[in-house]
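Q: Those protein sequence lines, which keep their order, are chains A and B. Per my numbering, the first sequence starts with residue 1, numbered consecutively. Per my numbering, the second sequence starts with residue 1, numbered consecutively.
Note that these hints are calculated values from the structure, not bench results. This one's a predicted model, so the numbers in the text were calculated from it and none came from an experiment. C-beta: ideal position from N, C-alpha, C; glycine also. Any given hint could turn out to be false.
Facing chain B, according to a computed beta carbon distance under 10 Å, are these residues of chain A, among others [said to hold, decoys possible]:
{"hint": "1", "residue": "N128"}
{"hint": "2", "residue": "H186"}
{"hint": "3", "residue": "K205"}
{"hint": "4", "residue": "S238"}
{"hint": "5", "residue": "A241"}
{"hint": "6", "residue": "D396"}
{"hint": "7", "residue": "W408"}
{"hint": "8", "residue": "K410"}
{"hint": "9", "residue": "V424"}
What follows is each chain in one-letter form.
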Amino acid sequence: MQAFLKKLVFATTTALLISTSLTATSLWAEDTPTKGGSLVFTLGQTPRHLNPAVQSGTATGAPGAQLFAAPLRYDEDWTPQPYLAESWEIADDGLSVTLNLVQNAVFHDGKPITSEDVAFSVKTIQENHPFKTMFAPVTEVQTPDAHTAILKLSKPHPALMLAMSSQLMPIIPKHVYGDGQDPKAHPQNSENVVGSGPFKLVEFKRDEHIILERFDDFFMEGRPYLDKLVMRIIKDPSARAIGLENGEIHMSTFEVVARDIKRLQKVDSLTATPEGYAAIGPLDWLAFNTAAGKTADINVRKAIAYAIDRNFILNAIHLGIADEASTGIHPGSPLYNADVENYEFDLDKANQLLDDAGYAKGDDGMRFKLNIDFGWPEMKPKAEYTKAALKKVGIDVTVRSSPDFPSWAKRISNYDFDMTWDTVFNWGDPVIGVHRTYQSSNIKPGVIWSNTQSYKNDRVDELMEMAGVETDTEKRAALYAEFQKIVTDELPLYTTNTLPYHTVYNNKVGNPPLGIWASSSPMDRVYLKQ
Amino acid sequence: MNLISTVAQRVLWAAILLLAVLVLNFSMMHLAPGDVADTIAQSMGGADAEVLEQIRTDYGLDQPFLSQLSNYVGKVLHFDLGYSYFYNQPVTKLIFEKLPATLILVITAQLLALIIGVLLGVYSARNQEGWVSHFVTLFALFGYSAPVFWTGILLLIAFSLKIPLFPVAGMVDVTVEGGAIAKFLDLLRHMVLPVITLASIFIALYSRLCRATMMEVLQTDYIRTAKSKGLSTREIIYKHALKNSLSPVITLAGLQFSAVVSGAVLVETVFSWPGLGTLALQSIIARDTPTILGILFFSALVVIVGNLLTDLALRFVDPRVRGH
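Only chain B is shown next, with the shape it has when bound in the complex:
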C-alpha cells in the first residue's frame, strides 16, 4: 500500500515536471532569434521570400507565442508530440526509430561500467598498494577528466585507423550479408568503441567510489568479527562487504543515468551512432522545436524511470530502505 502511494505520488510529480520541462523549453526556444525557416533555407542554399513565408505559415510560426504554446501543450496532452518541421515526419516516429539505438548504447555502457568499476574497485581495495590500485586511481583521474569526444576520436585513430579492428562509424554495415548471427556480430563490432568510450567516464567514477566504500567497510567491526569467525576472504568480501559497499555505487549509478544520456549525445556524434543524441543535435541545430521538445520529453522519461529502478535496486541490496 505504502509502495503504491509512493509510486503514485512520484508519477504525479513526474507528470508536472514533464509539463514544466515542455513549457520552459518551448519558451526558451522561442526566445532565440531566427527560426526553422532559416535552417530550411540554409539546407536549400537559399530560398525565395515567398517560400520562407510559406514555411512560417505552414508551421504556425506566424502565430502569437501564447497560441503556439497552448497549441503545442494541448497536442502533447493528447499524446501527440507533433510534426517535425525539419523532416516533415511525426516526432514520435522519429524518436522510436532512434530510441533503440540509444538504449542499446546507454544500457550496455552503464552495465559494463558497473561491472568493471565494481570489480576494479573491490580488487584495488583488497590490494591497496598493488599496481592495480594505483592504476585504478590513475585511470579514474584520466577517465573522468578526459572529454568523451576526445577519448572517442583517440580510440578511433588507434583501433580504426592504425590497427583497423573496428569500423569507424554507424551501427551496422549494410554490406554485410548473412543471417541473424552475422548481423549480431556486426552490431557487436560496431558497439565496441562507442560503448568503451561512454563507459570510460563511469568506470572511473564507480571504481573510485567502490574502492573507497569497500575500504571503509573492510575496517568495520562486523568484518573483523567475520574474520575472527574464520570465514574465507572470498566469503567476507563477496557475501558481506560487497553488498554493503554497493548501495552508494547504485545510488550514484542512478543519479548518473542522466549523465549517461547526455554523454550519449557526444559519443553518438563522434561515432555517427544513429540514436537520439544524433537526432537531438540535428534538431537543435535546425531549430526543429517539436523534435527537440519530444526528445527532452523522452530523456526526462528515461531519467525518471532510471531513478525509479535505482530505488528498487536499493531496496534489494539495502534492507534499511525496504523498511521505510
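With the rest of the complex left out, here is chain A:
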C-alpha cells in the first residue's frame, strides 16, 4: 500500500509538472474563483426529504451532498480524493479500512465531527438505506480515537471506496439522529437539518425551493465560494429550459429531453454537456423475461437484438445526444468492456435465427406475438419503434401502457411480461447497482429492479462473487470483462444507450459539478464569475 501510494504521488507530481509547463498560459488565463453570490440551481423533482443516509436517489442527493460531507470525494477520473477523511489506508488483507478524519471539522451546530459520528452513520445507513450491498460486509466500525474510524470487514469489499462518497455515505450527527426516533421519519430530515457539509439549510419548501447558505465554519479553508445556493424545484422541463435561456436559472442537472437540450446547446450564454454522470451510470435497455414465453429462447432474444437498429434509437429517438452502450456497466466506468457482441443491425441474421429456431412465418408473414411494456411516458417512443422494427422479422408486438410507475413495477416484478424498456442506474460500483440485475439469488417477486429477467448463470454468479472481493484493480476489471461478455452473449437484457442526462449551465458558472456524481457531489468549488 505504502509503495503504491509513493508511486501514485510521484506519478501525480510528474504529471502535474509536465502539464503545468505545457499549459502555463492557459492556467493563467483561467479565472480565479470569485467569492460570494447566489447561484440558482434547479431540481426537477421534490425530494422526499434531505437525508441521503436513509433515502437514496438523486433528488435527495443534490441537496444532501451540500448539507452533508462524506469521507471521500471523486474527480472526473474516478480517483478518490480526501474530503472528511484527510487520508485512508486499506489493510493488506483488505479486511479493514482506516479513515483519518480532518481535525477541525464541525457540524452546523458547532459540535465536532468525530469517529463516533462515522460509526453511527454507517450503522444508520446499514439499517435504513435501500442499497444493502454497499456496507453489507462491514461488521463493525472501531473508534480508537476521535479522529480515527476503522471499518472492519468480513471480506474484502472494494465497492466500499465508491460507497464512501456524498451520494451514498453522508456523515450525520449522532447527537441529533441518535435520539431514538426512527431515522427514516426523523423531523430533522426536512427541517433544522444539522449537517456536516459546505452549506447549511435555511429553508425547505416542498415543490418550491431549498435555500442553502454558506457554512462559515466548513472545514475546508475558504470554501464554499458561494454565499447562497438556491435550489428551485421546477418539474416542467420546458419551464426549466426557458428559465435557463432567460438567465433566471444558472444551472440544471439531469436534463434529458433531447429537443430542449438541442435548443439550449445553441444558446450562446449556455453550455450543455453530458459529462459527469458516469458513477450514477444510467443505462437504457430492453429487458427480457428469460423464464417464460418465447423470450426464454436465447435465439429469439438475439434475433430481437439484431432486428433493432441501435443507430435509429441513438439518432432518431435521442437526436444524437445519447452514447452507445452495450453491457450492463456504464461506458464511463473504468470497468466497462466494449469488446463484446454488439448486435449490429442485421435483419437477415435475425430472420435466420428465428427460422433456425423453428419459428416459421405464417400466412400473414408473422411468426408469433409478444408484448412490450414501458415504465414511463418518455420510454414510449422506444416501445413503438420496437414494435415497428420487429414487425419486419415477423414478430407481432403489442405495446402495453401502464397508467403509472407502480402499475408497471407490479407487472414486471411479478414476471407478467415478455419484454420491457427500462432505465437502470449503476450507482457507482457494480456491486451496488449492477449485480442486482443478474444475480440468481436476487430473483425476488414484487421487487422492481431486482433480477426481474429471472436470469440464471452459475459462471456469472461466480464472476460477480469473485469481482466483489477482488482488491487488485486489473484482476477485478478482467473478471468484470468476462462477466460482460457472457451477459451480452446470453442477453437477459439488450443495452442500447446511456440515458443522455445533461448538465446545462450558464457560462457565468465556474467549476460546475462535472465529476462522476454530477450534482450529487459537493458544490463547494462552484462559483459565479463576475
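Following the hints, put chain B in place on chain A, whose structure we already have.
A: Chain B in isolation, oriented as in the chain A frame:
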C-alpha cells in the same frame, strides 16, 4: 329559521358526500396495481426486498383492505387526515402549507374572469356589430377551446423568453431583498401569467354568457319602459339591465368553481405554482393515498363552500331567490 334549517340540511348532505368521496376514492386507489413502496423504490433508484417489505409494514399496506379502510375512515372522523407515505409528514400540514397559494391563484383568477368577462359582455351586447363584440366571440371560442397548459406555455414563451417581463416559475423569487412591499410586488409579478392563463377560459365563458343574457334583457319591456321614461343609457345598463343579466353568470361562476380548482392543477404544474394542484399531481404519481384523499377532501370542501357562497350572492342580486 328557514335559512338555518336549509344550511343545516346542506351541511349534513355535505358531510355524507365527503364520507362517500373518501370511501370511494380509497377503494379506487386500492384497486390499482402496485403501491407507494414501488414509488419510494423509484425515487431511490431501487430498493432491497427487505426495505420494500418494511415500508409496506410501516404503512399498514400488508393489512386486509377492510381494516385499512376502517382505520382510515376512523382517523378522518377524528379530524386526522393521517400521515403522508411519501413525505413522512402529517397530511394536514402539507395541505395547509399549499392551500394559501392555491386560494390566491383561484380566487384572483375567478374575480378577474368575472370582472373582465362581465365588462366585455356588457360592452359587446351594447355594440353588437362593433369589433369588440366580434373579438369577444372569437376570444370566447379560442379561450374555451385552448387547453390551459398550452395557453400557459405560449404565454411563458412570449412573456418570459421572447419579452422577459415575467418569471418562468414559482411564486416568489427568494433572491429578492427588501421589505413587505418589494415582496408583494414580487408576488404580483409571479402571479400575472398563471392568473391570466387560468382566467382565460372563464373570461371566455362569462363574457359569452353575459353578452347573451344582456342582449335578451335589453329586449325586455321594462327596459323599453325605462328608455321611454328618458333614463340615460348608463343608468339603464348598470342599474336595471346588469343586475338582471348577472344572476345566470353568478350561477355559472358557482358551478364552475370546481372547474377552476381542477384548472388550477394544470396551471400550477405549468408554472410550478406551489399549490394544492402540484401536491395533488405529485401524490397521485406517488400513490400517496392519504395525501390524495386529504386533497380531495379539501377540494370538495372548497367546492361546497363555493356553492354556498354562490347561493348567498344570488340572494343578493335576485330578490326572487330570497323569497324561497
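Q: Against this structure, judge whether each hint is valid.
A: For each hint, the structure was consulted:
no. : hint : in the structure
1   : N128 : holds (8 Å)
2   : H186 : holds (9 Å)
3   : K205 : holds (7 Å)
4   : S238 : holds (6 Å)
5   : A241 : holds (9 Å)
6   : D396 : violated (25 Å)
7   : W408 : holds (8 Å)
8   : K410 : holds (4 Å)
9   : V424 : holds (7 Å)
Going through the hint list in order, the structure does not satisfy hint 6, though it satisfies all others.
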